[in-house]
Amino acid sequence: MNLVSITDFNERDIIAVFQLAKDYKKQQKHKYSRKLRNKILANLFYEPSTRTSSSFAAAMYNLGGSVIPINDVTYSSVTKGENLEDTVKTMGCFCDVIVLRSQNAGDAAFAAEVSTVPLINAGDGNGEHPTQTLLDLFTIYEKFKKIEGLTITFAGDIENSRTIHSLKKVLHAKNNCNYLETYDVETLPPSDVYYLTRVQRERGSTGSYQLTKEHVDNMPKESIVMHPFPRNDEIPKWFDSDPRAHYFEQMQNGLWIRMALLSWIL
Amino acid sequence: MNLVSITDFNERDIIAVFQLAKDYKKQQKHKYSRKLRNKILANLFYEPSTRTSSSFAAAMYNLGGSVIPINDVTYSSVTKGENLEDTVKTMGCFCDVIVLRSQNAGDAAFAAEVSTVPLINAGDGNGEHPTQTLLDLFTIYEKFKKIEGLTITFAGDIENSRTIHSLKKVLHAKNNCNYLETYDVETLPPSDVYYLTRVQRERGSTGSYQLTKEHVDNMPKESIVMHPFPRNDEIPKWFDSDPRAHYFEQMQNGLWIRMALLSWIL
Amino acid sequence: MNLVSITDFNERDIIAVFQLAKDYKKQQKHKYSRKLRNKILANLFYEPSTRTSSSFAAAMYNLGGSVIPINDVTYSSVTKGENLEDTVKTMGCFCDVIVLRSQNAGDAAFAAEVSTVPLINAGDGNGEHPTQTLLDLFTIYEKFKKIEGLTITFAGDIENSRTIHSLKKVLHAKNNCNYLETYDVETLPPSDVYYLTRVQRERGSTGSYQLTKEHVDNMPKESIVMHPFPRNDEIPKWFDSDPRAHYFEQMQNGLWIRMALLSWIL
Chain A
1 MNLVSITDFN ERDIIAVFQL AKDYKKQQKH KYSRKLRNKI LANLFYEPST RTSSSFAAAM
61 YNLGGSVIPI NDVTYSSVTK GENLEDTVKT MGCFCDVIVL RSQNAGDAAF AAEVSTVPLI
121 NAGDGNGEHP TQTLLDLFTI YEKFKKIEGL TITFAGDIEN SRTIHSLKKV LHAKNNCNYL
181 ETYDVETLPP SDVYYLTRVQ RERGSTGSYQ LTKEHVDNMP KESIVMHPFP RNDEIPKWFD
241 SDPRAHYFEQ MQNGLWIRMA LLSWIL
Chain B
1 MNLVSITDFN ERDIIAVFQL AKDYKKQQKH KYSRKLRNKI LANLFYEPST RTSSSFAAAM
61 YNLGGSVIPI NDVTYSSVTK GENLEDTVKT MGCFCDVIVL RSQNAGDAAF AAEVSTVPLI
121 NAGDGNGEHP TQTLLDLFTI YEKFKKIEGL TITFAGDIEN SRTIHSLKKV LHAKNNCNYL
181 ETYDVETLPP SDVYYLTRVQ RERGSTGSYQ LTKEHVDNMP KESIVMHPFP RNDEIPKWFD
241 SDPRAHYFEQ MQNGLWIRMA LLSWIL
Chain C
1 MNLVSITDFN ERDIIAVFQL AKDYKKQQKH KYSRKLRNKI LANLFYEPST RTSSSFAAAM
61 YNLGGSVIPI NDVTYSSVTK GENLEDTVKT MGCFCDVIVL RSQNAGDAAF AAEVSTVPLI
121 NAGDGNGEHP TQTLLDLFTI YEKFKKIEGL TITFAGDIEN SRTIHSLKKV LHAKNNCNYL
181 ETYDVETLPP SDVYYLTRVQ RERGSTGSYQ LTKEHVDNMP KESIVMHPFP RNDEIPKWFD
241 SDPRAHYFEQ MQNGLWIRMA LLSWIL
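Chains as they are written, first to last, in our numbering: chain A, 1 to 266; chain B, 1 to 266; chain C, 1 to 266.
Take the hints with a grain of salt, since some may be wrong.
Taking CB as the label site, the calculated pair distances span [claimed, not checked]: (1) C:Ser-208 <-> B:Asp-233: 43 to 53 Å; (2) B:Pro-220 <-> A:Lys-31: 33 to 43 Å; (3) C:Gly-204 <-> A:Ala-105: 33 to 43 Å; (4) C:Asn-10 <-> B:Pro-189: 49 to 59 Å; (5) B:Lys-237 <-> C:Lys-35: 28 to 38 Å.
Cut-off 27 Å, straight-line C-alpha distance, at most; resulting in silico cross-link-like pairs (DSSO-like, lysine-lysine) [as the list claims (entries may be wrong)]: (6) A:Lys-29 <-> C:Lys-31; (7) B:Lys-25 <-> C:Lys-35; (8) B:Lys-39 <-> C:Lys-146; (9) C:Lys-169 <-> C:Lys-143; (10) C:Lys-169 <-> C:Lys-145; (11) B:Lys-22 <-> B:Lys-213; (12) B:Lys-89 <-> A:Lys-26; (13) C:Lys-26 <-> C:Lys-221; (14) C:Lys-39 <-> A:Lys-35; (15) C:Lys-31 <-> C:Lys-169; (16) C:Lys-143 <-> A:Lys-89; (17) B:Lys-26 <-> A:Lys-29; (18) C:Lys-31 <-> A:Lys-35; (19) B:Lys-31 <-> C:Lys-39; (20) A:Lys-143 <-> A:Lys-26; (21) B:Lys-213 <-> C:Lys-89; (22) B:Lys-143 <-> C:Lys-89; (23) C:Lys-89 <-> B:Lys-29; (24) C:Lys-25 <-> C:Lys-35; (25) C:Lys-89 <-> C:Lys-39; (26) C:Lys-22 <-> C:Lys-35; (27) C:Lys-29 <-> A:Lys-31; (28) A:Lys-31 <-> B:Lys-89; (29) C:Lys-39 <-> C:Lys-29; (30) C:Lys-29 <-> B:Lys-26; (31) A:Lys-29 <-> B:Lys-39; (32) B:Lys-39 <-> B:Lys-25; (33) C:Lys-221 <-> C:Lys-146; (34) A:Lys-35 <-> C:Lys-143; (35) A:Lys-221 <-> A:Lys-143; (36) A:Lys-146 <-> A:Lys-168; (37) A:Lys-89 <-> A:Lys-143; (38) A:Lys-237 <-> B:Lys-26; (39) A:Lys-143 <-> A:Lys-29; (40) A:Lys-29 <-> B:Lys-35.
What the hints contain is simulated information worked out from the structure, not anything from laboratory work. All C-beta atoms, glycine included, are put in the ideal place defined by N, C-alpha and C.
Same shape as in the complex, but just chain A:
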């Protein structure tokens, strides 16, 4: 059982993981703290991502497992694909599950194919980042108790956002959602969810935008604002204490989702 793309999971799988995540969120730690005892996770990161690797590490620790952090892998001079294959097979000798962050779309699919242990894609270049998608959906689902029929506005650097691509794939495929896309935000239309992303200057994007008092005044009281983080200036700090600000909740949900996923897969 691997998780390379969000499309590897059907609706029933997703609901099962959400149910587990909800349980973990409610339960006391000692209830689940020995569930993955004696299991080892390898955090195989070809590019740094403190947020994602820490979230997986904490998820594994919460379930009583161990973590091998591997941050010093670099694509060496040998053919890239080969190297990844042997590294993944090597890690499979030592651990029970591999979490892979890599630099090129398709790496995770390739790695999953050759791996002898379950593999979770933690972002492969501009490919997918399915656990981010799961935690995004979970955050929306927890708030509205449904996904269907919601109006979701994506704002920011949509073209370069792996996160938004994956999320839209699910929303489009399985749900009757209205979604709007906007780059240089002038007005944000009334929505249930505002999903903002960072302008990725490192990928050649220009421009910037920022949530203003006017935007906020026009947002419905029951709406939520999400962001996959890190943020630049899109969301000013003064908004953090607004009840509609759900990005820290979203990050926290990442922990429950990854715990659910790990215990479901192992």
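With chain A held as given, fit chains B and C onto it using these hints.
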């Protein structure tokens, strides 16, 4: 409960932590090895410090907890303060206590203010390093059963030593100590404690000094020599086996003090 | 008890470690998963080696212990020997066993001498890598139930292979083995074991070689092919599924051998 500056702790706090540290030092491992089970410490290091991060990691492991090592954080192009704030808030979603080593004085105070979990300052630039101060005091206290009335000689690069600044702050504030400062050591006056530090060439200091046979011959038999490490040539290796050499004892005490501190805070 | 060179172990020691490794390989995890509870291993790596450090980490976790990963040590401007000595003594204050990967032959022997806790050499420059030797021998022993009298062909960059040097040392000293050495492989003579190694271009070697269909056709059915990894093109991927390909088995054996070694030493 945070520990940003040694002045966050009053005398009663310090004595409580010392008592705990003494207990840990005497007890057998199994007595305390489950005390922080299910707790996670994030070792958030913006600059490397093998000694300090390893000491905190070992302290947490000894108490049965887990550790997320984060060595790959770098101040990115975004406004520094913002970045630190979001990183600290993020880690607060995943862990129970944050140990922060940062590059600028004041970072730890700022981080503690925004953190949702307890934060321990493990050195913020030329600011403070309060757990070092605690282990220094503990080492002196264990030897002499008191702090008051001792004669302490500080030698070396005093101006640039965060360690000495913090230690003097406590000695000055709370105790009736004589202390002397000397840079290019010619004679070391008779003292109870000789606290030597490294000449920090990376901060522009010049000159060097070294403990000689003559110095050692003039040191009282019951005195102790301390050093926060790493050392350059200040203390030659031949002195390591002298009963007055207390710097490895001091390092070992760092473990007990950090265990005490973690269990006291959590 | 240290393991600096394979010659630190006599035949009886090696057999004892092999017996333990065999036991671990057969047993269920819960049988040994608390054996090194409350013990801490420091993975002190002065140069990166994902494979070796992960293998030791997994071995320690499997036995219920903890691991401090130290990848950020670099030889600083201070005299190298001094620095290593103090670092090793420092880590001895925090952990129960040190695994050292260093850059210069002789570092491990020096470190073991000053260390206050057991030290295992995980490769010291072009010196030795005794746990690799143990897992190599174990792999051969498991297959043939003996070492003596086997014909072993070493191929590849023999002069630069620390692995082969150490292995030959044992085979030569203790066993009546025929071994052959060959660099630019034309024909591989009939053998029990084919031990291939990488051409280490980073050490100035030139040339390359690759196992061909013809080689493989001439290999006895009961022979095995080994490789310490990483590999370049010496062994093409299509051979991986051949029953004679034993390099992943060999890697897996590294885990059992290191578990055996750690529990034997501690």
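Exercise. Can the restraint linking B:Lys-89 and A:Lys-26 be considered satisfied, given a maximum Cα separation of 27 Å?
Worked result: Holds, at about 21 Å.
Exercise. Quick one, are A:Lys-29 and C:Lys-31 close enough, alpha carbons at most 27 Å?
Worked result: holds (25 Å)
Problem set entry | Restraint check for B:Lys-39 with B:Lys-25, where alpha carbons must lie at most 27 Å apart | Since the Cα atoms of B:Lys-39 and B:Lys-25 sit roughly 21 Å apart, the hinted pair holds (cutoff 27 Å).
Problem set entry | CB-CB spacing for B:Asp-233 and C:Ser-208 relative to the 43 to 53 Å hint | Since the Cβ atoms of C:Ser-208 and B:Asp-233 sit about 48 Å apart, the hinted range of 43 to 53 Å holds.
Exercise. Hey, A:Lys-221 versus A:Lys-143, does the alpha-carbon distance stay inside 27 Å?
Worked result: Holds. A:Lys-221 to A:Lys-143 sits at ~13 Å (cutoff 27 Å).
Exercise. Is the hinted pair B:Lys-26 and A:Lys-29 satisfied, with a Cα-Cα distance of at most 27 Å?
Worked result: violated (30 Å)
For this session: Take the C-alpha atoms of B:Lys-39 and C:Lys-146, compute the straight-line distance between them, and say whether it is at most 27 Å.
Result: violated (48 Å)
Exercise. When you check the alpha-carbon spacing of A:Lys-143 and A:Lys-29, does it fall within 27 Å?
Worked result: Holds - the C-alpha atoms of A:Lys-29 and A:Lys-143 are around 23 Å apart, at most 27 Å.
Exercise. Going straight from one Cα to the other, do A:Lys-29 and B:Lys-39 come out at no more than 27 Å?
Worked result: holds (10 Å)
Exercise. Is A:Lys-31 close enough to B:Lys-89, meaning Cα to Cα at most 27 Å?
Worked result: holds (26 Å)
Problem set entry | Restraint status (C-alpha distance of A:Lys-237 to B:Lys-26 at most 27 Å) | violated (48 Å)
Exercise. For the pair supplied as a hint, A:Lys-143 and A:Lys-26, is the alpha-carbon distance within the 27 Å limit?
Worked result: holds (15 Å)
The structure fails hints 2, 8, 11, 15, 17, 30, 34, 37 and 38 (numbered hints given earlier, in ascending order).
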